[in-house]
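Now for the letters of each chain:
2 protein chains.
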Amino acid sequence: MNYPGNVKKTYKSTVNYRNRGMDLEALINDACKYYLDMDIAVIYKKPTPIGIVEVDYKNNAQIKKAYFKEPSTLDYNGLYKGKYIEFDAKECHTKTSFPLSNIHDHQIKHIRNILRHGGICFLIISMCDNYYLFKGEDLVEFIDNETRKSIPFNIIDKKGYKLKYNYNIGIDYIVGVNELYKELILNENTKN
Amino acid sequence: MNYPGNVKKTYKSTVNYRNRGMDLEALINDACKYYLDMDIAVIYKKPTPIGIVEVDYKNNAQIKKAYFKEPSTLDYNGLYKGKYIEFDAKECHTKTSFPLSNIHDHQIKHIRNILRHGGICFLIISMCDNYYLFKGEDLVEFIDNETRKSIPFNIIDKKGYKLKYNYNIGIDYIVGVNELYKELILNENTKN
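Chains C and H, in that order, are what the protein sequence lines are. For the first sequence, the working numbering assigns the number 192 to the last residue and increments by one with no breaks. For the second sequence, the working numbering assigns the number 192 to the last residue and increments by one with no breaks.
Pulled out of the complex, with its shape left as it was, chain C reads as follows (with noise of 0.2 Å):
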C-alpha cells in the first residue's frame, strides 16, 4: 500500500556509521554556540583532523585529495569557569551496555593526561533515550578493575548525571558540569 499522493516510501537499509552520532553532536553544537552567545561558557568542537595529500593551489587552494585521521583527543574542549574541560559525545544504539570499542585506545590514555593535569575530562552518553554526563574518572576506574569490554547501563545509569534537552539550548550539559564542580570544591573541602 502506498502512501497519500501515491508517495512509495523507501528505508534506507544501509547504515552510514560515519554519521552515526551526529544528532547528539548537533544538540550539543546548538548548546555550545548558545553558552558562547550567552558568554556562559568558551567551548568548541575541535575540527576533524585530516590528512592532505593533495592540493590545487591555481583553483583557490581546494583540496583534491585527503583522509579522516583517527582522533588521539576527544571533539570538545574548552574553557567554563577558569577550569579546562574536554569531552566526547557518544551515542549508544545498545540498551544493555557502553561498548568500550567507542573510545579509542590513545583517546583513553589522554583521558589519564587531562584528569592527572587537572582537568574535567567526561563522555555525553545518549543511551536508553536519556543523556549522561558520564566522568572519566568512572570512565577510567571502570577499566582498571573491571575486564568486561563494556560498561553495564545500569552502572552508567547510576553513576553519571542526567542531562536534560532544551529546546533554546540543546542538550544543557553545563548543568551536570555545575554538579561536577560542586563534587569536586566538596572533596577539596574534606582534603583541607
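In short, the hints are calculated from the structure, not lab data. Model, not experiment: these values are computed from the prediction. One or more hints might be untrue.
To be verified - Label pairs and their computed distance ranges (CB to CB): (1) H:Lys182 - C:Lys95: 19 to 27 Å; (2) C:Glu141 - H:Glu54: 37 to 45 Å; (3) H:Met38 - C:Pro49: 21 to 29 Å; (4) H:Pro99 - C:Glu137: 18 to 26 Å; (5) H:Tyr167 - C:Val175: 47 to 55 Å; (6) C:Asp144 - H:Thr147: 56 to 64 Å; (7) C:Asn60 - H:Tyr181: 36 to 44 Å; (8) C:Glu54 - H:Tyr181: 42 to 50 Å; (9) H:Thr190 - C:Glu54: 22 to 30 Å; (10) H:Gln62 - C:Ser101: 17 to 25 Å; (11) H:Tyr181 - C:Arg116: 13 to 21 Å.
To be verified - Restricting the straight-line Cα-Cα distance to at most 30 Å, the calculated cross-link-like pairs of lysine-lysine (BS3-like) are: (12) C:Lys159 - C:Lys33; (13) H:Lys45 - C:Lys45; (14) C:Lys58 - H:Lys164; (15) H:Lys158 - C:Lys45; (16) H:Lys46 - C:Lys64; (17) H:Lys149 - H:Lys69; (18) H:Lys45 - C:Lys58; (19) H:Lys65 - C:Lys64; (20) C:Lys64 - H:Lys58; (21) H:Lys81 - H:Lys64; (22) C:Lys81 - C:Lys45; (23) C:Lys46 - C:Lys191; (24) H:Lys65 - C:Lys65; (25) H:Lys109 - C:Lys46; (26) C:Lys58 - H:Lys64; (27) C:Lys81 - H:Lys109; (28) H:Lys64 - H:Lys109; (29) C:Lys109 - C:Lys33; (30) H:Lys182 - H:Lys164; (31) C:Lys46 - H:Lys95; (32) C:Lys58 - H:Lys69; (33) C:Lys191 - H:Lys81; (34) H:Lys46 - C:Lys109; (35) C:Lys191 - C:Lys149; (36) C:Lys33 - C:Lys162; (37) H:Lys58 - H:Lys95; (38) H:Lys58 - H:Lys109; (39) H:Lys33 - H:Lys164; (40) H:Lys45 - C:Lys65.
The C-beta atom is built at its ideal place from N, Cα and C for all residues, glycine as well.
Place chain H on chain C using the hints.
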C-alpha cells in the same frame, strides 16, 4: 652553467604563503610533543579547519573535494598546571613592527573570551631572530588604546618574554608560561 651531472637547478620564484610560519610551527609542535612525553603539559595543535564537500565512501572514505576554512580560534590549546592555555604561532618577517592583520577579527574576539573566562592566552611571535611570548592582555590593550595597525617591535621586545630554542625540545615556551603564572599569582596576592 649547470651543476655536476648536467643538472639544471631551478629556484622557486613564488613564495607559498600558506606554508609561512611552518618552521616556527614545527619548533612548537616539537615542544608540545616533548611536554606530552615528559608529562609536563597536555597541549595539542588543533586540526586545520576544513569544509568537506565530497567524500568517496566506496574508496576508503577518501575526501575528493574540500577547502580550507578560516580559523575562529587559535591553533594550540590545552592544559598546564591545571590551567587552560591557548595560543597561536606567528612568524613576523618585517623587522619594525608586527602587523595586526596577522590575526583575524574573530580570533581577537576569541582571545577576549578566553581572558574573560580565566584562561591563559598568548601569541608566540618569531621576529628579528628572537622568539617572544606576547600576552593576550598586552595584545588587547594595544588594540583598545592605539590606532596603529601594527605593534612596534620595541613594544614586543619590552613586554614579551624572550623564549629560547633548545635542541632537544624545540622552542621551550613553557618557561615563558611559568613567568606568566608567577605574574598571575603576584597579581592575585596584591588583590587579596
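Okay, the hints, checked on the actual structure:
At roughly 53 Å, the beta carbons of Lys182 of chain H and Lys95 of chain C sit outside the given window of 19 to 27 Å. Checked against the hint of 37 to 45 Å, the pair Glu141 of chain C and Glu54 of chain H passes, with Cβ atoms roughly 43 Å apart. A hinted range of 21 to 29 Å for the beta carbons of Met38 of chain H and Pro49 of chain C is consistent with their spacing of about 23 Å. At about 46 Å, the CB distance of Pro99 of chain H to Glu137 of chain C disagrees with the hint of 18 to 26 Å.
Distance hint for Tyr167 of chain H and Val175 of chain C: a CB-CB separation of about 49 Å, consistent with the stated range 47 to 55 Å. A C-beta distance of roughly 58 Å is found between Asp144 of chain C and Thr147 of chain H, which places it inside the suggested range of 56 to 64 Å. Checked against the hint of 36 to 44 Å, the C-beta distance between Asn60 of chain C and Tyr181 of chain H comes to roughly 43 Å, which is consistent with it. Hint check: Glu54 of chain C to Tyr181 of chain H, Cβ distance near 43 Å, so the stated range 42 to 50 Å holds.
The supplied range of 22 to 30 Å is broken by Thr190 of chain H and Glu54 of chain C, whose beta-carbon atoms lie about 55 Å from each other. A C-beta distance of roughly 24 Å is found between Gln62 of chain H and Ser101 of chain C, which places it inside the suggested range of 17 to 25 Å. Between Tyr181 of chain H and Arg116 of chain C the CB atoms are about 18 Å apart, so this pair conforms to the stated range of 13 to 21 Å. For the hint pairing Lys159 of chain C with Lys33 of chain C, the CA-to-CA distance comes to about 27 Å; that is within 30 Å, so the pair holds.
Between the alpha carbons of Lys45 of chain H and Lys45 of chain C the distance comes to roughly 14 Å, so the proposed pair stays at or under 30 Å and holds. This hinted pair does not check out: Lys58 of chain C and Lys164 of chain H have alpha carbons roughly 38 Å apart, beyond 30 Å. A threshold of 30 Å between alpha carbons decides the hint, and for Lys158 of chain H with Lys45 of chain C the separation of about 36 Å lies outside it, so the pair is violated. Restraint check for Lys46 of chain H and Lys64 of chain C: satisfied, since their Cα atoms lie roughly 21 Å apart, inside the 30 Å limit.
Of the pairs offered as hints, the one joining Lys149 of chain H and Lys69 of chain H holds, with about 24 Å between alpha carbons and a cut-off of 30 Å not exceeded. With a C-alpha separation of about 27 Å, the suggested pairing of Lys45 of chain H with Lys58 of chain C holds against the 30 Å cut-off. With a C-alpha separation of about 5 Å, the suggested pairing of Lys65 of chain H with Lys64 of chain C holds against the 30 Å cut-off. With a C-alpha separation of about 16 Å, the suggested pairing of Lys64 of chain C with Lys58 of chain H holds against the 30 Å cut-off.
Between the alpha carbons of Lys81 of chain H and Lys64 of chain H the distance comes to roughly 42 Å, so the proposed pair goes past 30 Å and is violated. Restraint check: the Cα-Cα separation between Lys81 of chain C and Lys45 of chain C comes to about 18 Å, which is no more than 30 Å; the hinted pair holds. Distance restraint check for Lys46 of chain C and Lys191 of chain C: the Cα-Cα separation of roughly 35 Å exceeds the 30 Å cut-off, and the hinted pair is therefore not satisfied. Annotation: proposed proximity of Lys65 of chain H to Lys65 of chain C holds, straight-line Cα distance about 7 Å (limit 30 Å).
Of the supplied pair hints, the one linking Lys109 of chain H and Lys46 of chain C holds, its CA atoms being roughly 18 Å apart against a limit of 30 Å. For the given pair, Lys58 of chain C sits about 16 Å from Lys64 of chain H by alpha-carbon distance, which is consistent with the 30 Å threshold. For a cut-off of 30 Å, the pair hint linking Lys81 of chain C to Lys109 of chain H stands: about 18 Å separates their Cα positions. For a cut-off of 30 Å, the pair hint linking Lys64 of chain H to Lys109 of chain H is broken: about 33 Å separates their Cα positions.
The hinted pair formed by Lys109 of chain C and Lys33 of chain C meets the criterion: a straight-line CA distance of about 28 Å does not exceed 30 Å. Under the criterion of a C-alpha separation no larger than 30 Å, the hint pairing Lys182 of chain H with Lys164 of chain H is consistent with the structure, at around 18 Å. Restraint check for Lys46 of chain C and Lys95 of chain H: the C-alpha separation of about 34 Å exceeds 30 Å, so the hint is violated. Pair hint Lys58 of chain C plus Lys69 of chain H holds up; C-alpha atoms about 17 Å apart against a cutoff of 30 Å.
About 19 Å separates the Cα atoms of Lys191 of chain C and Lys81 of chain H, which keeps this hinted pair within 30 Å; it holds. Proposed proximity of Lys46 of chain H and Lys109 of chain C is supported: the alpha carbons are some 18 Å apart, at most 30 Å. Taken as a hint, the Lys191 of chain C and Lys149 of chain C pair is broken in the structure, with Cα atoms around 33 Å apart against an allowance of 30 Å. The hinted pair formed by Lys33 of chain C and Lys162 of chain C meets the criterion: a straight-line CA distance of about 21 Å does not exceed 30 Å.
About 51 Å separates the Cα atoms of Lys58 of chain H and Lys95 of chain H, which puts this hinted pair outside 30 Å; it is violated. About 41 Å separates the Cα atoms of Lys58 of chain H and Lys109 of chain H, which puts this hinted pair outside 30 Å; it is violated. Restraint check for Lys33 of chain H and Lys164 of chain H: the C-alpha separation of about 17 Å stays at or below 30 Å, so the hint holds. At most 30 Å may separate the alpha-carbon atoms for a hinted pair to count; Lys45 of chain H and Lys65 of chain C meet this at roughly 22 Å.
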